[in-house]
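Since the structure of chain A is provided, determine the placement of chain B on it from the hints.
In case you want the letters, here they are:
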Amino acid sequence: AQSVTQLDSQVPVFEEAPVELRCNYSSSVSVYLFWYVQYPNQGLQLLLKYLSGSTLVKGINGFEAEFNKSQTSFHLRKPSVHISDTAEYFCAVSDIDSSASKIIFGSGTRLSIRP
Amino acid sequence: NAGVMQNPRHLVRRRGQEARLRCSPMKGHSHVYWYRQLPEEGLKFMVYLQKENIIDESGMPKERFSAEFPKEGPSILRIQQVVRGDSAAYFCASPAGPGANVLTFGAGSRLTVL
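From first to last, the protein sequence lines are chains A and B. Per my numbering, the very first residue in the first sequence carries number 1; after that it's consecutive. Per my numbering, the very first residue in the second sequence carries number 116; after that it's consecutive.
For the record, the hints were derived by calculation from the structure and aren't laboratory data. Ideal Cβ placement from N, Cα and C applies to all residues, glycine included. Fair warning: there could be bad hints in the mix.
Once the Cα atoms are required to be at most 25 angstroms apart in a straight line, the calculated DSS-like pairs of lysine-lysine come out as [as the list claims (entries may be wrong)]:
1. B:K159 x A:K49
2. B:K142 x A:K49
3. B:K166 x B:K186
4. A:K58 x A:K69
Examples of chain A residues lying across from chain B (beta carbon under 10 angstroms, computed) [to be verified]:
5. L51
6. A92
7. I96
Derived Cβ-Cβ restraints for the label pairs, each shown as a range [said to hold, decoys possible]:
8. A:S28 x B:I169: 22 to 28 angstroms
9. A:P40 x B:E167: 35 to 41 angstroms
10. B:R130 x A:K69: 45 to 51 angstroms
11. B:R137 x A:N68: 36 to 42 angstroms
12. A:Q71 x B:E133: 44 to 50 angstroms
Excised from the complex, chain B in its bound form:
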């Protein structure tokens, strides 16, 4: 069991470019959560996806951010036209087991916008 895999671990983008962050949940799991951690802050929920479905996107910024989890392949968090305020660590998590809402987190993707 390889756990939750995220890549890239570090990503540097210039303002206006696009950032794509990928997450593969634990083997056999079909749900992922994305969280954002701004510098010196806690984790903020962004979106919860099941394969081919967005379950809850109440934490997603209204513009420039999107997420998907296709039938095949990893979940992708996409940020268009990045700005400096998007610099943060983005964590993906998948439920560790049924029912209890315990999450297993990936190591995170750290986005730096120059």
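Just chain A, with the same shape it has in the complex:
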């Protein structure tokens, strides 16, 4: 069975500072990895995804993530955050093998930006 762990439930940072949101996963098979963002009272939007190829994935809004197979991690980073990045961020994993596979989400990390 797959699982996703987001160790930090909340991450406060100052505006224009860098940020890293951590994500570790476990799976016995090859996986796809995702980061989704949820703004208040909205649904989830895809930030970026890792399917194959380059382990450094660039997404929208200046975010990027790096797939590290040996450490089973997929940490999300942004070099300089903005107030508008205040949201909850979810890491997710799905089995590469089945088109009918469900996506498993982590418990989320709430990013709060201080001016």
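Relative to the frame of chain A, chain B by itself:
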């Protein structure tokens, strides 16, 4: 392309009543996933449906919850005899494209049980 449409956006029910949540996937798509987000928690998978078929219901509570996706019309998540613990946001999603398991989510239906 209107995206994934969910209604109602907000629903208030008293304990013991029934809640029906509707989801229309993106135009031309025939698969939907339902997820539940309890307060201060992440999304939990509930059920995956194709039109007229339940593909995976491993996340559905054993009692009071059911889901369907008829040949015509939206997918419906039905909760009978609601309890306060059912208060949550319920999200529907449909695959954004073939193969890669990328989901497009609706804005969610927020159920409050009084």
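Index of numbered hints that the structure contradicts, given in increasing order: none
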